[in-house]
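Trainee: Protein chains in written order, with the working numbering: chain V, 1 to 542; chain X, 543 to 843.
Treat the hints as calculated values from the structure; they're not laboratory data.
Be a bit skeptical, because a hint or two may be false.
Unchecked claim - Derived DSBU-like pairs: lysine-lysine, alpha-carbon spacing no greater than 35 Å straight-line:
#	chain 1	residue 1	chain 2	residue 2
1	V	495	X	552
2	V	5	X	556
3	V	26	X	552
4	V	127	V	152
5	V	5	X	716
6	V	5	X	635
7	V	46	X	744
8	V	26	X	742
9	V	404	V	473
10	V	46	X	742
11	V	226	X	704
12	V	308	V	412
13	X	680	V	226
14	V	226	X	550
15	X	742	V	152
16	X	552	V	187
17	V	5	X	839
18	V	46	X	680
These numbers come from a predicted model, not from an experiment.
Below, each chain spelled out in residue letters.
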Amino acid sequence: MVYYKLMAVFVFLPLTMLFYKIIPAKYRWIVLLISSLGFYSTFSIKKLIFPFAAALITYAGGLWLARLESQAEIAVKNAALPEGADPSDAKALRKEKAAIRESFRKKSRGVLTLGILLLVSFLLYLKYTNFFLENLNSILQRSGSATQFPLKELLLPLGVSFYTMQAIGYLVDVYWKKIPAQKNPFKLLLFLLFFPTIIEGPIAAYADINSSLYAGSDMDAEQVMKGFLRIGWGVMKKLVIADRLFPAASVLYEMERDPHGAEVVAAAVLFTVMEYLDFSGCIDMALGYAGIFGIRLPENFKRPFLAKNASEFWRRWHISLGVWFKTYIFYPMSMSGLAKKWGKFAKGKCGPHLTKMVASAMALLPVWLCNGLWHGPKWTYIFYGIFYFVVIMLELIFEPAGDKILDALHLKKDNRFVTILRVLRTWFVIFLGELFFQARSLKAAFIMLSNVPRDFHIRLIWDGEALHWGLDKADWLIVGVGFLCVIIVNILREKGRDVLQELVDCPLVLRWALASVLIFAILMLGLYGPGYTEVDMIYAGF
Amino acid sequence: MKQEEQEKRKKNTKNLWGEMFAFAVVWGIVLLGLSFICNPVRTRNRPTYVQERDAYVAAALTQPENSIDVAVLGDSEAMVLLWPELFEERTGKNAFIVGQSGQIAAEAYYTLRDMHNQSPEYVLLETDMLVASTDERKEMISSYNAFLQELFPVLRYHVMWKESMGLKEPPVIKHDRGFGKRLAAEPYTGGEYMTSSQKKAKIMLTTSVYFNKIVKLCRERNIRLVLVSGIVPNSFNYEKHNALQALADENDLTYIDLNEVSVREEMGIDNETDFLDGGDHVNASGSIKVTEYLSRKLTTE
Numbered sequence: 001m002v003y004y005k006l007m008a009v010f011v012f013l014p015l016t017m018l019f020y021k022i023i024p025a026k027y028r029w030i031v032l033l034i035s036s037l038g039f040y041s042t043f044s045i046k047k048l049i050f051p052f053a054a055a056l057i058t059y060a061g062g063l064w065l066a067r068l069e070s071q072a073e074i075a076v077k078n079a080a081l082p083e084g085a086d087p088s089d090a091k092a093l094r095k096e097k098a099a100i101r102e103s104f105r106k107k108s109r110g111v112l113t114l115g116i117l118l119l120v121s122f123l124l125y126l127k128y129t130n131f132f133l134e135n136l137n138s139i140l141q142r143s144g145s146a147t148q149f150p151l152k153e154l155l156l157p158l159g160v161s162f163y164t165m166q167a168i169g170y171l172v173d174v175y176w177k178k179i180p181a182q183k184n185p186f187k188l189l190l191f192l193l194f195f196p197t198i199i200e201g202p203i204a205a206y207a208d209i210n211s212s213l214y215a216g217s218d219m220d221a222e223q224v225m226k227g228f229l230r231i232g233w234g235v236m237k238k239l240v241i242a243d244r245l246f247p248a249a250s251v252l253y254e255m256e257r258d259p260h261g262a263e264v265v266a267a268a269v270l271f272t273v274m275e276y277l278d279f280s281g282c283i284d285m286a287l288g289y290a291g292i293f294g295i296r297l298p299e300n301f302k303r304p305f306l307a308k309n310a311s312e313f314w315r316r317w318h319i320s321l322g323v324w325f326k327t328y329i330f331y332p333m334s335m336s337g338l339a340k341k342w343g344k345f346a347k348g349k350c351g352p353h354l355t356k357m358v359a360s361a362m363a364l365l366p367v368w369l370c371n372g373l374w375h376g377p378k379w380t381y382i383f384y385g386i387f388y389f390v391v392i393m394l395e396l397i398f399e400p401a402g403d404k405i406l407d408a409l410h411l412k413k414d415n416r417f418v419t420i421l422r423v424l425r426t427w428f429v430i431f432l433g434e435l436f437f438q439a440r441s442l443k444a445a446f447i448m449l450s451n452v453p454r455d456f457h458i459r460l461i462w463d464g465e466a467l468h469w470g471l472d473k474a475d476w477l478i479v480g481v482g483f484l485c486v487i488i489v490n491i492l493r494e495k496g497r498d499v500l501q502e503l504v505d506c507p508l509v510l511r512w513a514l515a516s517v518l519i520f521a522i523l524m525l526g527l528y529g530p531g532y533t534e535v536d537m538i539y540a541g542f
Numbered sequence: 543m544k545q546e547e548q549e550k551r552k553k554n555t556k557n558l559w560g561e562m563f564a565f566a567v568v569w570g571i572v573l574l575g576l577s578f579i580c581n582p583v584r585t586r587n588r589p590t591y592v593q594e595r596d597a598y599v600a601a602a603l604t605q606p607e608n609s610i611d612v613a614v615l616g617d618s619e620a621m622v623l624l625w626p627e628l629f630e631e632r633t634g635k636n637a638f639i640v641g642q643s644g645q646i647a648a649e650a651y652y653t654l655r656d657m658h659n660q661s662p663e664y665v666l667l668e669t670d671m672l673v674a675s676t677d678e679r680k681e682m683i684s685s686y687n688a689f690l691q692e693l694f695p696v697l698r699y700h701v702m703w704k705e706s707m708g709l710k711e712p713p714v715i716k717h718d719r720g721f722g723k724r725l726a727a728e729p730y731t732g733g734e735y736m737t738s739s740q741k742k743a744k745i746m747l748t749t750s751v752y753f754n755k756i757v758k759l760c761r762e763r764n765i766r767l768v769l770v771s772g773i774v775p776n777s778f779n780y781e782k783h784n785a786l787q788a789l790a791d792e793n794d795l796t797y798i799d800l801n802e803v804s805v806r807e808e809m810g811i812d813n814e815t816d817f818l819d820g821g822d823h824v825n826a827s828g829s830i831k832v833t834e835y836l837s838r839k840l841t842t843e
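Just chain X, with the same shape it has in the complex:
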């Protein structure tokens, strides 16, 4: 009797393990299905059914085929870096800032990978995402989340369920090719921040892994990858410059550091009028100067 019970229990246990496995598989498929349904980019008619942070990425992913010549990737620094309208005027190239506030290298990689229907000539990678993080664990967790959200977009877009069900109006987003036109001005009052140093800032391992993937992807798709450091007096320094220059050299990439004294002088950056928030981001006036400079730089190269 006892042996019979044991046998029964053993069988039941085996069944339960099998059941859990089957349940996980079924739910994996359901997740993929839900992701397909939820993905606002898939149908191209609901690109605004996203959180504000993802608005520019969704807009970029739904642009007409081969319409983007220059894709700018990066965090909030990228979103004020280049004025696409002016850039197009100067170069004849259509630029689109595919930025997200706090974008990390993993997100930049997945976004670029998802732009199947575009063959940009250039990808400008704003470098703040490469040197901003000093916490490997946080970077790893964020990258893992980005990976899961890429695998199952429902994890990213589920937040728009009210809009999808018609319970709420989707937000009206004027993307202006991803550019954040900021007119306010708050002067940068700190001193010179680019004092020469031999030291190199540390780039997180996870960031490096995804950066290498971006480099590889650009090579495969014949895209010229250019690293650009926006003007950020409050957090940029020579150590970061050295790390990024080394990274560019290792990968045979062009590196444009807008923080360099000579470059700032050439652009005519005015600490009084060209910053939005005291040295964290440039404002519209600063963006115009940066755009003029980058236009010249990219056309003369």
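Only chain V is shown next, with the shape it has when bound in the complex:
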């Protein structure tokens, strides 16, 4: 059961709302937990064991860290001078206290490492075992060995990449003393399994949602209305536009067709648009579901196609993943011993720009490697991560030179013409990245790329070829109009307008008319029901 299914919208959600409403506020989180377990069970009851195990590890790890922290405090408080020391020797006392703190810090670091290792090992085993075995078999075959390791039948539990990230984030935050450890294991289970976030995120930080998640605040009519509208908007993006583009995006990536230049570009562009609408649509639904219960999840998209460079793109696209990597990989790497050593070494020997570049590369490389790997066990994803690492490094390296050129041309960075050029350049990067992301293999991606100069005539698309990609004229018209609506809403939001609030505040007739158009579009033009092959949510597979 996914968020846009009739069962989810007309049975699961109303039942959850009903029980949430009638149960006293103090126990409402239990309703959300039971609903989340029920929601997960519709995918697999057996696989619930994995999030349960993750919750147990996270719970135990959090409590252990908190216990060590309180033990450290008591030990520091009770610290006494070593025997025979001068009682007035404050320095010696401070030293003793520091030694105690350091001893506990080491223990805490050990607990944190153990917790993270356990969580990551689950993820690695479930997600990457076969990838490792496939590559090992390939190496063995090439080296002439007859040994081949059989692949394992591993079925990925739903949301494993998302709840593992949340669990690790929680443990690190407890270690950093940003949050207190959760003493109720079931509350922690709810944090990891909360049904709006379990399929495709957003990856929420415990500190950001814990208060609203457990508060059991009353369902506010305005919030409920906004929630339903947001769910509808997300369903429209997914069922009316994204799924309609699926046949075209699939056909164009079929290598047997030997796509010509214009088709390769169309493949990259259409897949990117489809992926954006699919993923952001699902996030809209997730935020809508959570919003109904007064739980504000972090936004995951912020008009990514208006980004002026690759770094900004990643601050606007899958934001929660970017924030997670920044918080838990980039910053720790920037403050690591290696980075400090480089800083010391480079001082006086290298220029500030080079020093900064190397330091950035040291922190960014693991971020982008993990980003690629997080998406799944495929070389194309790993390449995708490295691709962004290289692009962002190039942007950093050439930024001063670019600024100088703009100065020489007497142009400001925020000049409209310059902004358009920068946005277009970012589009090029995005589409190129997505070409590799979606390609069947790295080899296929390079072949497609090498095909770009061949027959690159845009008219090949207008000449009616697009009608052979599984969409007829009416479908293209729907995609065009639907995407235009998305663009208009995005522009309004970029200008700081709260579209949902304005919709709630506008006159009743207009509100009903707009909501009805949305429902009518989904009802009549949505690709659902018998006769349609369901298109899985892209990020649910990650």
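Since the structure of chain V is already known, use the hints to place chain X on it.
Mentor: Here is chain X on its own, set in the frame of chain V:
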């Protein structure tokens, strides 16, 4: 001032709840209206304005009044079970296969309920739909969807909006009374699959609920309900036979299991020539043998 604001907010909240309720009611009515407009069966002149899967059901629902003597319900197994033309030749009865690929018990029930203008003598229920599912959750979700599509047919027929608006030609469907004449042959190479067992296969709860509804409906409309298990060497077994026999006994129904060794021998089923796809469905040659057998069985009963 603060109290005034609170009062205003309270009133506004009350209004919004009322508005949402009113909106839901209005849209419920709109859905019914759209369903009325979209339903291809209603006007009887657009039965092909449906997805391929629903073609035979739509065709059956638009047949002239009281023209169907034997209605066969079921999934793809039902669609190759009986050759209506031959059956009519042998028995003088008009049979119509009201099948859908992957039809579930809920769909079979609603289809039968919708056949208001028919008074068939027999309903042959191909049993694959009763024992195929092993996932209660999936069965429940599918049944719920079937219920909603029955309540609001627009949810089923909305897919034909292009045809309804004249943007696309409706598909040409030759229904041949729901029969899928398959000439290709792929032998069944497995061994004997009906080895005796005391065990009983599990029938999903949701399936049972809808099966009981079918039984009740047939009794109310004075229709003889007969359970028929088509020949499916790849997935049928004695455990399923036992479960279906028990179900038939409980409800005082006739059960014809075409998989039984003696029945297959009587029909003269040849594993080399009578299967379409290696043991999942019979082909035209197999259908002829099954039709001959069922014709004899139903006329002698």
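Trainee: Now look at each hint and say whether the structure bears it out.
Mentor: We went through each hint and held it up to the structure:
| no. | hint | in the structure |
| --- | --- | --- |
| 1 | V/495 to X/552 | holds (31 Å) |
| 2 | V/5 to X/556 | holds (29 Å) |
| 3 | V/26 to X/552 | holds (22 Å) |
| 4 | V/127 to V/152 | holds (11 Å) |
| 5 | V/5 to X/716 | holds (33 Å) |
| 6 | V/5 to X/635 | violated (42 Å) |
| 7 | V/46 to X/744 | holds (19 Å) |
| 8 | V/26 to X/742 | violated (47 Å) |
| 9 | V/404 to V/473 | violated (48 Å) |
| 10 | V/46 to X/742 | holds (24 Å) |
| 11 | V/226 to X/704 | holds (32 Å) |
| 12 | V/308 to V/412 | holds (14 Å) |
| 13 | X/680 to V/226 | holds (31 Å) |
| 14 | V/226 to X/550 | holds (19 Å) |
| 15 | X/742 to V/152 | holds (32 Å) |
| 16 | X/552 to V/187 | holds (31 Å) |
| 17 | V/5 to X/839 | violated (44 Å) |
| 18 | V/46 to X/680 | holds (15 Å) |
In summary, the structure is inconsistent with hints 6, 8, 9, 17 from the numbered list given earlier, while agreeing with the others.
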